[in-house]
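Asker: Could you build the full structure based on these sequences and the hints that come with them?
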Amino acid sequence: MYPQDFRYAKDHEWIKVEGDHGRVGITDYAQKQLGDVVFLELPEVGRSLKAGEQFGTVESVKAVSELYSPIGGEVVEVNAALVSKPETINKDPHGQAWMIVLKITDPAEAGALMDAAAYEALVASEAK
Amino acid sequence: MTATPSEARALLEPPADFVRRHVGPGEAERAEMLKSLGVVSLDALVAETVPEGIRLGRALSLPAPLGEEQALAELRQKAAKNRVFRSFIGMGYHDCHTPAVILRNVLENPGWYTQYTPYQAEIAQGRLEALLNYQTMVADLTGLPLANASLLDEATAAGEAMTLCRAVAKAGLDGFYVAEDCHPQTIALVRTKAEPLGIRVHVGPVEAIDFAGQKLFGVLVQYPATDGVVRDFTGFAERAHAAGALLVMATDLLALTLLRSPGELGADVALGSAQRFGVPMGYGGPHAAFFATKDEHKRHMPGRLVGVSKDAEGRPAYRLSLQTREQHIRRDKATSNICTAQVLLAIMASMYAVYHGPDGLRAIARRVHALARVLQRGLRRLGFDAGTAPFFDTLRVRTSPEKGRAVVERARAKGVNLRSYADGSVGAALDETTLPEDLVALLQAFAGGPVGFTPEQLAGEVEGAVPAPHARKDAFLLHPVFNRYHAEHEMLRYLQRLQSRDLSLTHSMIPLGSCTMKLNGTSEMIPVTWPELGKLHPFAPAEQARGYHEMFADLERWLAEITGFAAVSLQPNSGAQGEYSGLLTIRAWHLSRGDAHRDVCLIPVSAHGTNPASAVMAGFRVVAVACDAHGNIDVADLRAKAEQNKAALGALMVTYPSTHGVFEEAIREICKAVHENGGQVYMDGANMNAQVGLTCPADIGADVCHLNLHKTFCIPHGGGGPGMGPIAVAAHLAPFLPGHPLVKTGGAKSYGSVAAAPWGSASILCISWVYIRTMGAEGLKRATEVAILNANYMAKRLEPHYPIVYTGVSGRVAHEFILDGRGFKKAGIEVEDVAKRLMDYGFHAPTMSWPVAGTLMVEPTESESKAELDRFCDAMIAIRREIRDVEEGRVKAEESPLRRAPHTARAVTAARWERPYSREQGAFPAPWVKEAKFWPSVARIDNTWGDRNLFCTCPPVEGLED
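Going down the list, the sequences are from chains A and B. Position one of the first sequence corresponds to residue 1 (this note's numbering), numbered consecutively onward. Position one of the second sequence corresponds to residue 1 (this note's numbering), numbered consecutively onward.
By construction, these hints were calculated from the structure, which means they are not laboratory data. Keep in mind the model is a prediction, meaning the values are calculated, not measured. Heads up, a few of these hints could be off.
Pairs of lysine-lysine, DSS-like flavour, derived with a Cα cap of 30 Å [claimed, not checked]: (1) A:K91 <-> B:K215; (2) A:K62 <-> B:K892; (3) A:K91 <-> B:K473; (4) A:K32 <-> A:K103; (5) A:K85 <-> B:K310.
Answerer: Laid out in structure tokens, this is it:
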């Protein structure tokens with residue numbers, strides 16, 4: 001269910017490290033908790049983020065949730081197509097629904113995040 | 001046998017027995033219900049429910065109750081002490097004619113005033129359409145595309161506009177400029193609101209704005225200004241925008257029928273009061289404020305927003321949109337703390353526009369403008385300086401203080417109120433009720449005697465039109481709804497048609513937990529439309545409002561007695577505004593003691609979303625307190641958080657009985673822990689209906705509380721407002737109570753004002769007055785006891801079918817309880833399906849998924865009879881059987897009547913019926929529905945589609961057809 005090559009944050013964001021870049025989205029568990037997503041707000045390219053800093057909001061009919069950057073870095077790409085079709089988050093949260101690409105400041109930060117097994121355990125405990 | 005003197009008197013006295021009208025179950029029914037609970041008496045039930053340590057142990061000291069007729073006669077006598085003058089004071093309040101068809105069929109009609117906010121949209125399409133008309137009217141007239149469904153009043157709307165500007169402006173700007181010719185009550189409220197938020201407010205002439213130097217994120221101007229002048233704002237918005245600031249225009253809907261719209265002038269926000277569209281002045285309220293902005297700011301829009309979506313049959317349907325902006329979801333990050341709006345008054349204003357239509361409105365405006373022109377002409381002829389600037393309906397006459405005073409006094413002797421400015425000049429604002437003889441009286445007051453000419457003579461000499469460049473050129477209100485219902489029969493039937501789509505208390509109980517949908521007694525409502533209450537201007541001299549002041553004094557005394565507190569402010573217009581003003585009172589007290597650093601507010605996670613939203617607005621930092629497995633505040637966590645924040649602890653906000661419907665045993669201990677650590681206790685009065693006469697906020701240890709008069713004290717919910725949220729405070733907080741810039745009220749060290757009018761929505765206070773006057777101490781206590789009895793009786797009946805989430809130590813609930821629906825998820829059934837299915841049974845759902853997701857919170861109130869409680873329980877039990885059919889595999893969830901609910905007449909009479917259950921089970925699932933059927937006018941509404949495709953004005957006509 002949760003890709004093995006992703007790292008996961010406790011706020012339910014994932015990051016896929018590709019060299020010195022990291023692609024960021026929210027997990028399948030997060031999209032299920034939100035329900036039908038109706039709105040997404042993402043930062044401008046060029047913004048630098050610290051680990052845990054808010055980079056946007058995602059909104060469903062019933063809930064609104066802040067998006068937190070799993071690690072620090074500079075926003076080098078933003079998924080504009082997703083902003084105009086935010087329902088993709090419900091359909092393909094780990095694929096097409098990536099949100100931003102970061103130029104990673106400190107690779108060690110990604111290493112400190114959860115792997116898929118640890119994240120699945122977290123989800124199992126939250127779902128109880 | 002001879003009677004004692006008191007018995008003899010009782011034989012002749014009229015009965016004071018309103019309590020048997022207000023309380024649903026009679027004595028025999030109560031006995032039966034008590035028996036089912038296994039308790040011998042109401043006293044015994046209360047003993048099991050309310051913790052002993054906080055019980056009042058004494059009777060409330062209130063006047064002995066009167067019968068309905070006697071209470072109304074007493075209030076009539078008071079009202080007769082009000083003197084109804086012709087008020088030309090203006091300042092955002094204008095006399096107007098409420099069209100009789102609207103007065104009788106909306107304002108005086110329980111089919112329009114008894115509903116709650118339209119969260120269950122399928123059975124609220126009537127008022128949602130009326131509100132959409134309101135939004136369309138505001139959007140058209142202001143020239144801004146997105147209007148909300150009303151705010152509390154013009155001054156608070158200006159406060160909301162300030163926070164919107166700050167939220168969308170770029171970071172680093174902290175100044176807000178308010179033009180000095182805005183209404184003074186608006187300026188005062190903006191100052192009050194800005195201070196705890198760290199916003200610097202600059203007040204001065206429009207010419208003195210220094211965008212860069214003052215680091216402005218926004219500017220507020222009044223258009224036309226408070227003194228009537230229509231300034232030329234051409235190019236002004238561009239200057240503001242170039243500096244990174246937004247432009248807010250406070251404006252007047254009637255003037256906008258003739259003047260260029262704020263949208264055309266580049267404004268980012270337009271706001272104002274819709275009062276003069278057919279809503280009585282009522283000595284300050286209630287009135288609907290309007291608020292419109294650009295599409296790009298929609299997610300920062302305060303208040304409720306009606307939008308168009310589609311239903312399960314693909315037809316257009318209305319609903320509340322973008323609810324995620326609001327405090328019940330966003331809590332401390334909400335765009336606004338306000339929950340209640342002014343729905344009833346917004347509907348009246350929208351219907352005024354529907355009835356008059358664009359041509360009718362323009363005609364009214366032209367006539368008002370012509371009257372003002374004639375007045376100006378006459379004044380000039382008398383040698384007065386009546387100004388040369390363009391204006392709409394308001395003149396400012398420059399004169400010496402002595403002369404000005406004499407004019408105002410002469411006018412008053414003729415029964416006319418004028419505005420006096422500090423510099424001695426005199427103001428007159430005309431309106432649609434103004435007659436030529438009023439002009440004669442005004443001119444004579446200025447002249448000091450008869451004048452040698454008539455208004456008719458002058459009328460031939462004046463220009464009728466507003467001069468360029470101010471004149472409006474674009475059309476407005478082109479939608480058919482504003483052009484179809486100008487004959488009274490058409491209007492009457494339109495109102496009736498919309499009304500028939502809304503489920504109200506005239507149909508069945510509305511068991512919304514935390515909302516207290518009790519009886520809005522007809523006798524309580526009667527005085528609301530008395531002219532002696534309706535026709536007073538809020539800034540009329542106090543000696544013209546003696547009756548009002550007697551009523552305020554009574555009510556303040558009674559509410560103080562009921563809460564156990566020392567002083568009351570009647571200013572706040574809603575529960576959330578009460579929270580905000582109560583917290584500002586606490587803040588002012590801390591500041592007065594040099595404790596500016598006490599800015600932490602503890603709030604249990606179970607609190608209503610308005611609590612954290614209000615706390616943030618009042619300058620507090622919110623620290624959440626956990627709840628334990630029984631739904632009670634986790635006392636250990638509270639103690640720990642209070643001690644950790646010892647140095648900065650400002651307040652605790654606590655609801656009692658809890659939002660989970662339980663009288664918490666530890667409440668005194670909780671309050672004590674907060675006091676020991678330097679904090680004050682704010683009690684949210686949402687659940688006061690379980691306290692009156694049995695315990696009180698002062699006794700549980702609180703320092704301040706608000707009272708939702710629209711819950712506990714019978715003001716109807718109006719479909720989402722009006723409300724009233726007065727606050728009561730302990731003696732040490734009394735000096736800080738809210739005041740007013742124009743009228744003396746509030747504490748000596750008041751922190752400012754929270755509403756435009758000194759006593760909020762003064763005209764509806766008569767409802768609570770009549771309620772308390774007819775119930776008396778015993779009656780009020782009885783109401784509380786029966787509210788608890790009704791809830792426990794229903795809980796007992798429903799418990800075998802639905803788990804009750806929380807109960808007190810004795811197994812009892814307070815006045816409301818939570819039914820668990822989370823277990824049905826496995827079978828694919830959500831509580832929303834239960835809520836929608838209840839509509840087919842003729843009921844409004846209980847509060848859904850609050851305060852616990854996946855549950856339903858039921859509050860019957862004391863006003864429902866046993867028969868009605870049983871009917872609702874029967875419906876819930878029948879629905880449980882339908883759920884079991886799904887759970888046990890007899891019906892697929894997606895094909896069940898639950899998921900397909902509600903059933904429209906169209907669906908069950910269609911030629912094709914391809915569902916596994918009968919048409920009868922779909923629409924007539926219970927015997928009483930066969931007797932009297934309420935038809936939901938639309939099928940299940942698609943919320944997602946509505947939020948993804950936001951559309952907030954009347955849809956084009958082709959969209960409404962098949």
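Asker: Next, verify each hint and record whether it holds.
Answerer: Checked hints:
{"no.": "1", "hint": "A:K91 <-> B:K215", "in the structure": "45 Å, violated"}
{"no.": "2", "hint": "A:K62 <-> B:K892", "in the structure": "25 Å, holds"}
{"no.": "3", "hint": "A:K91 <-> B:K473", "in the structure": "48 Å, violated"}
{"no.": "4", "hint": "A:K32 <-> A:K103", "in the structure": "28 Å, holds"}
{"no.": "5", "hint": "A:K85 <-> B:K310", "in the structure": "19 Å, holds"}
Violated hints, in rising order: 1 and 3; the structure is consistent with all others.
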